[in-house]
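Engineer: Here is how the chains run, residue by residue.
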Amino acid sequence: MQRHLISAADLTRDDAVLILDTAEEMARVADRPIKKLPTLRGRTIVNLFFEDSTRTRISFEAAEKRLSADVINFSAKGSSVSKGESLKDTAQTLEAMGVDAVVIRHGASGAPYRLANSGWIDAAVVNAGDGTHQHPTQALLDAFTMRRRLIGPDAGIGQDLEGRRITIVGDVLHSRVARSNVDLLHTLGAEVTLVAPPTLVPVGIESWPCEVSYDLDSTLPKSDAVMMLRVQRERMNAAFFPTEREYSRRYGLDGDRMARMPEHAVVMHPGPMVRGMEITAEVADSDRCTVVEQVANGVSIRMAVLYLLLGGNEPAVTQTRTEEK
Amino acid sequence: MDTHDSQSDARPVLEGPDIARVLTRIAHEIVERAKGADDVVLLGIPTRGVFLARRIADKLEQITERKVPCGSLDITMYRDDLRMHPPRALARTEIPGDGIDGKLVVLVDDVLFSGRTIRAALDALNDIGRPRAVQLAVLVDRGHRELPIRADYVGKNLPTSLRETVKVQLAEEDGRDTVLLGAKQTAQ
Amino acid sequence: MSKILIRGAKVLGGEPQDVLIDGGTIAEVGSGLSAEGAEIVEAEGKVLLPGLVDLHTHLREPGREDSETVLTGTRAAASGGYTTVFAMANTFPVADTAGVVEQVWRLGKEHGYCDVQPIGAVTVGLEGRKLAELGAMHESAAGVTVFSDDGKCVHDAVIMRRALEYVKAFGGVVAQHAQEPRLTEGAEMNEGVVSAELGLGGWPAVAEESIIARDVLLADHVGSRVHICHLSTAGSVEIVRWAKSRGIAVTAEVTPHHLLLTDELVRTYNPVFKVNPPLRTERDVMALREALADGTIDIVATDHAPHPHEDKDCEWAAAAMGMVGLETALSVVQETMVDTGLLDWAGVADRMSFKPAQIGQAKGHGRPVSAGEPANLTLVDTAYRGSVDPAGFASRSRNTPYEGRELPGRVTHTWLRGKATLVDGKLT
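As they're listed, the protein sequences go chains A, B and C.
Note that this note's numbering has the first sequence beginning at 1, numbered continuously upward.
Note that this note's numbering has the second sequence beginning at 1001, numbered continuously upward.
Note that this note's numbering has the third sequence beginning at 2001, numbered continuously upward.
Be aware that a few hints might be false.
[To be verified] Computed from the model, here is a short list of chain B residues facing chain A with C-beta under 10 angstroms:
| hint | residue |
| --- | --- |
| 1 | 1079 |
| 2 | 1087 |
| 3 | 1095 |
| 4 | 1096 |
| 5 | 1149 |
| 6 | 1178 |
To be clear, the hints were calculated from the coordinates, so they are not data collected in a lab.
Every residue gets a Cβ at the ideal spot worked out from N, C-alpha and C, and that includes glycine.
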């Protein structure tokens, strides 16, 4: 693995499978009376959040604390930092405090890449979502959820998602989740189809390793997993689609549509859901919907990532090592 | 290039039948010392300790005619040398259904060397429950302890020099049962 | 002023000749000229060009003296072989009155490194709503003939039409920064394969092309001439080519960076590559080179845009747009146009001196290298190759996209009306 986790596209198949396998072991810690491992004792991790995201922040925080790391939460909101010019200064200030890793969420695409590659700091950088670019731990937890549901927690060990058909529906244009998922799922051998109104598909998508469709109904029967992306209501005002009603009629997932999916297929959502927009309550509350599992799996995946990046003297190597005593 | 193969120099110190015999002995010792092994839980330390634990469990079942709970305990994240290597892939920790609280936990490993693995295992156990007592069974004790730790059941005491390596091979993982004593490969 | 004999220079890349400067003018061009009483500059193997003219420079003064001043900017210009720069109007305050343009013009005169021709704003405060006093700026001491809201597009079709009409009265030209504002809201880079991957806001080619198409039609309709700033797409080339074939009075410029760099560089998220219009694709770069070679694009203009370090040492979104260019322009043109065989040195003289002087009506500049002409000259060591080191820049800013890149050619001497501003690569 590389020293930082910036983009899902940076992960090889072996890296990704190692992370999923490691997360599987981490998931078992959650079932213990003492949900804690001493692994990152003495390591300091800062959660540097320039953008509000309580869900992602607490997920990382839970993962860090379960690994016994010292956690510093830094939220740019309300502090003097609100504009990007001070990213460098902020990062350097934190590094001066002896931080081993920076988990960064930033509204600007590429901010974590800059942080990792500009020589501003030495700490490992984990991208917790940047602009409309990448959100690699989200893609990993989604892949983990798919593997558990479609193959099984134990049967999945060592497996990728070869041949699985994944459909991602919604605002692809503004979605870092979609970008990360396309990259990672492709690496894991899955076949990805993006479904969106043409206005919410980026120009230049032809280079992505996936199919694009404007028709949800024809895609659903061929899907092993359907991931619904959040559609922000304000997109309506920017003429991406005429009305909320028309959007949800054409691209929303309701009970009738869910019935057209294969029996084993699951419904996923990175949260927070906009019920009545991209997903109906009936679907969101059904047992085919993995939203709550995804949240739990997020902690396991983040533990795995942090362990593999910070647990040793260098990031994990993915080829098997022979041990001698 | 030197095609020197350390395996060819390695000398078997225990062969398949020896291993079977010592495991049977250990099983008997456990029954004897645990007075029937009613509350014994075997926890193997991955990778080969798990296979050994299963074999001992089978033998205990033969002796006592009861199923003996057997699981695995991965100690990777409790190691004290984590910072000296890249992170290792994790192995499975599988605690039998009834847990370990109030039980006699017998840790099973292939080779007892510095004792650091067992130290880590004790820490790991601590996060899982509170056994009545913890004992240790190893196939080979090669000496050179760096911590105040000793085994309760030893298959074979094997005095070694630090320049030697001990390699345990088990059918489940390596296709055959043997313990090899070899010379450490020096950097070329 | 004394005499200077430039000996054995390839004038416009031709046969070696001697050029004798006497005072502010070229006294004689020929072979075996007498060196008597003259300081000799051995120029064997070097190419002598007319002093370069940049129709598009941001000198930042007044208002942003932390990034550039008229002094540092004209020193950078002299370093790059320029004898005239046209200073863009987006200063603070905006150069939309006679007062501001005269101030800039005077500062240029006082420092003496390079003539400064201020460009006046088209609209008050560059806001696109109300015409600035174009006539007053023209009549000022600065004698403004080029008007531009550069940095912003004169997007209102009526305002653009009126500006094009109005400047006809005194032979002015409107230089349009072609960028449809609505289509470029949130734009951070060229819209295409790379922006889709990087998740950066797209700046579509059509936002430039639609404005150029509209403006050439407007220029045709009102019988005025229009100049297109920093044309950056293959589609824009097609529109300008079409307009010229119809006899429309349109001229166009391309920047050195659009001749060399592509949006693939944005993958580094390094803001030194953030510029407006954005770096485009390989296909665009090739179309721009071809258009510059065949004359569809008339000139090279630097769009020299200095920014302080902190405005580039940050994440992409927060960074300022623009690159410095005066000190690397000729090298980039040699790399992309001369060394590729697309243009000879006479062609370079045309695109970087004659034509820009003509478009901007810079008197005494962009003249042939012949007896009786003002001695505005640039001597280039075309055999030189070296990597770009921003630490050596005369500009106050260092935001070059070429740091560490090996480029050919080096300006060794620049003369402004016979006075050396650069000697052996060092400013006087």
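Engineer: Hint residue 1149/B vs chain A: min CB-CB distance below 10 angstroms?
Structural biologist: Not OK, violated: residue 1149/B not within 10 angstroms of chain A, min 15 angstroms.
Engineer: Take the shortest C-beta to C-beta distance between residue 1087/B and chain A; is it under 10 angstroms?
Structural biologist: holds (4 angstroms)
Engineer: The hint names residue 1095/B as touching chain A; please verify it with the least Cβ-Cβ distance against 10 angstroms.
Structural biologist: holds (8 angstroms)
Engineer: A closest beta-carbon separation below 10 angstroms is what the hint needs, so does residue 1096/B meet it against chain A?
Structural biologist: violated (14 angstroms)
Engineer: Would the hint on residue 1079/B stand, with a C-beta cut-off of 10 angstroms toward chain A?
Structural biologist: It holds, given that the least Cβ distance between residue 1079/B and chain A is near 9 angstroms, below 10 angstroms.
Engineer: Does residue 1178/B meet its interface restraint, that is, does its C-beta lie within less than 10 angstroms of any C-beta in chain A?
Structural biologist: violated (15 angstroms)
In this structure, the hints that do not hold are numbers 4, 5, 6, in rising order.
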